[in-house]
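Protein sequence lines correspond, in order, to chains A and B. Residues 0 to 221 (numbering that gives the first Met the number 0) are what the first sequence spells out, left to right. Residues 0 to 477 (numbering that gives the first Met the number 0) are what the second sequence spells out, left to right.
To be clear, the hints were calculated from the coordinates, so they are not data collected in a lab. Mixed in with the good hints, there may be bad ones.
[Unchecked claim] Here are the simulated DSSO-like pairs of lysine-lysine, each with C-alpha atoms no more than 27 Å apart in a straight line:
hint	chain 1	residue 1	chain 2	residue 2
1	A	Lys170	B	Lys194
2	A	Lys170	B	Lys202
3	A	Lys170	A	Lys2
What follows is each chain in one-letter form.
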Amino acid sequence: MSKLLFDVAHLLAGSMLVLSFALLYQDRITAVINVFALQAITLSLSVAWQALVQDAPHLIVTAAIALVVKGFVVPYFLQRIVRALNIHRQIEQVIGSGSTMLTGLGLVALSILLVQPVGEVSIYVREDLAFALAVILLGLLMMITRRNAVTQVVGFMSLENGLVLAATGAKGMPLVVEVSVAFSVLIAFIVFGVFVFRMRERFDTVDVSALDRFRGDRKDAP
Amino acid sequence: MIAPVEAAVIIPAIAIPILALISGYRLGAAINMIACALTLTAATTLLFTEHPRTDLVIIDDFNIFLIILTAFVGFTTSVFSATYLAHEIEIGRLTPTFLRFYHAMYQALMCAMNVALVANNIGLMWVGVEVATLSTVMMVGIYRTPEAIEAAWKYFILGSVGIGLAFFGTILVYLVAQDVLGDGLPAMSWDLLVKSAPMLDSKLLSLAFVFLLVGYGTKVGLAPFHAWLPDAHAEGPTPISAVLSGLLLNVALYALLRFKMVLAGNPGAIDVGAIMVALGLISLVFAAFMLYRRRDIKRLFAYSSIEHMGIAAFAFGMGGPLANFAGLLHMTMHSLIKSGIFFAVGHIAQVKGTQRIAAISGISVTHPVLAVLFSLGVIAIAGLPPFGMFTSEFMLVSSTFARQPALSVVLVFGLLIAFGALILRLQDVVFGEPTGKAHPAQASYIPAYVHLSLVLIAGLWLPDPVVQWFRGVAALLG
Chain A
0 MSKLLFDVAH
10 LLAGSMLVLS
20 FALLYQDRIT
30 AVINVFALQA
40 ITLSLSVAWQ
50 ALVQDAPHLI
60 VTAAIALVVK
70 GFVVPYFLQR
80 IVRALNIHRQ
90 IEQVIGSGST
100 MLTGLGLVAL
110 SILLVQPVGE
120 VSIYVREDLA
130 FALAVILLGL
140 LMMITRRNAV
150 TQVVGFMSLE
160 NGLVLAATGA
170 KGMPLVVEVS
180 VAFSVLIAFI
190 VFGVFVFRMR
200 ERFDTVDVSA
210 LDRFRGDRKD
220 AP
Chain B
0 MIAPVEAAVI
10 IPAIAIPILA
20 LISGYRLGAA
30 INMIACALTL
40 TAATTLLFTE
50 HPRTDLVIID
60 DFNIFLIILT
70 AFVGFTTSVF
80 SATYLAHEIE
90 IGRLTPTFLR
100 FYHAMYQALM
110 CAMNVALVAN
120 NIGLMWVGVE
130 VATLSTVMMV
140 GIYRTPEAIE
150 AAWKYFILGS
160 VGIGLAFFGT
170 ILVYLVAQDV
180 LGDGLPAMSW
190 DLLVKSAPML
200 DSKLLSLAFV
210 FLLVGYGTKV
220 GLAPFHAWLP
230 DAHAEGPTPI
240 SAVLSGLLLN
250 VALYALLRFK
260 MVLAGNPGAI
270 DVGAIMVALG
280 LISLVFAAFM
290 LYRRRDIKRL
300 FAYSSIEHMG
310 IAAFAFGMGG
320 PLANFAGLLH
330 MTMHSLIKSG
340 IFFAVGHIAQ
350 VKGTQRIAAI
360 SGISVTHPVL
370 AVLFSLGVIA
380 IAGLPPFGMF
390 TSEFMLVSST
400 FARQPALSVV
410 LVFGLLIAFG
420 ALILRLQDVV
430 FGEPTGKAHP
440 AQASYIPAYV
450 HLSLVLIAGL
460 WLPDPVVQWF
470 RGVAALLG
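Generate the whole structure from the sequences, applying the supplied hints.
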């Protein structure tokens, strides 16, 4: 196969990784959502490219889901939620953006080291997998460093972008479409759902740290 | 005529929309029970039919017993759930609309667990575990108290990160297998993976298992990935605590064991057994100490679930015919006893109107039948004879002592610590000054008694076919 095909695939996967870093340091919720939408669009381009390269037309479905659901519908509703809750100006971070970025760099190095043995199976898959694992780990990092329910959900969705990237990079993997649909259902449930609205209803905040008051064994009388 | 395998998946799937549409909660509960009974029938007929393998479905000795156990506990829990929920409606804690949702989700959970168990495909199994997680998240948050929402949120975040990592592990396994088995479905089938295990790339396979272990290990509730488990058990409706503890943890452990079978067949791969032994012992000792400080009765038994999952993981990690046998028996006994205990605890919490252990005491005076049931359950879960858990723990301790005396010391230490905590709490709850309300319980005692009698029978005399069967599976696990 020609080298150009892989270069384009790596360019798209690399852009997703850069956007993952951008997600880490954004300090306003609306910006976080916009960057996430951009990452989802890049993902759909990458998946569509894989569909071409691997000659696997069913992957177009996955690309379309990524584009429509995660690129437009979910960000739109998240923006509405954020505006309805009047939290579009604020963001809270547990640790500073500098140390977060450094940790992120460490995670990228870790993922490159981890997928090293893949080279013995297939040299081309290795880079894709390294990018995907880095996106996954950065999504995890984002979920840990953010305290706001909306940004935690964005972190989870970014993690899931990395999973779809990894799955579509594996040539001829069955059930990828089904799994991406399952993921979309999961996200739809959570985003439109229940949690953010319930949290608003109960606490007048979507800051997850507000939940900490209720954690653990109840020591006081009911 | 559809095959029983398909029926076990289709019956709950059909019940989901029906239950979501029916407004009367009594009718809903009845249909829930009927659907579970039909699923149980389909699962039992699996024993008497032939099962050709396909790329998507596999029935072997290992999963057939888990399918039947799942369908059985699912059915008895649906019976318990009917009376439990009638009380919740009465006191206004739940509304009929929420019950529709609850029943639909209950069937979604049964369907997803059956999919995960019968799947021959690692991707399909993953989808089953994911849907099962999602449906239980919904049910854990159903009371909508701050505690319930926190529990559901924590469960959702940790559970989805877990299944996300498990999916990455699944992709890696596919990549490894693709090299040997070619593109497409065969590279994801359990039977072919196990068969071609020696030819797979060991480094990558080991890497995949790390992700799978963290991913599915979170769902099993092994320490240190257990943080969601106590909250989810304590804050959801009690029938859900029963199925979570009794069934969903088993399904996740089943997934891990299947992957362990693949790695065991590969000479160059990491020693999965040693990792499982370590995690199992950590879970056991950690949970045993945590039992002492629990103030919430459902949280107490949630930690006890972590402890027993640790014991089962330890047993399978040790491997060999005897320890595997003990592990299988332990899984079964734990499912039956723990769900039975949750049935009793559910009624106790309802009659006393609280889950705080300090506010529950002297139930032997106020509710003698419940007290007997609860005591039998705690005695069984603490591993005292003549109940079946004594058999499995005794087998495990003796086989460990013969092979790794040092490990058996840690094992016995953990078991004794946990035993002490449970007996202390048993005294507080059953004896002592009677507190709280004394009005009679509206309870169905039958499911809990059925579970405990099965455990008692297993402790006194295991039927020969069952022994043969467990032996076969233990040999399969290697």
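Results for each hint:
With a C-alpha separation of about 22 Å, the suggested pairing of Lys170 (chain A) with Lys194 (chain B) holds against the 27 Å cut-off. A threshold of 27 Å between alpha carbons decides the hint, and for Lys170 (chain A) with Lys202 (chain B) the separation of about 20 Å falls inside it, so the pair holds. With a C-alpha separation of about 16 Å, the suggested pair Lys170 (chain A) and Lys2 (chain A) falls inside the 27 Å cut-off, and the hint holds.
This entry satisfies every hint, going by the numbered hints stated previously.
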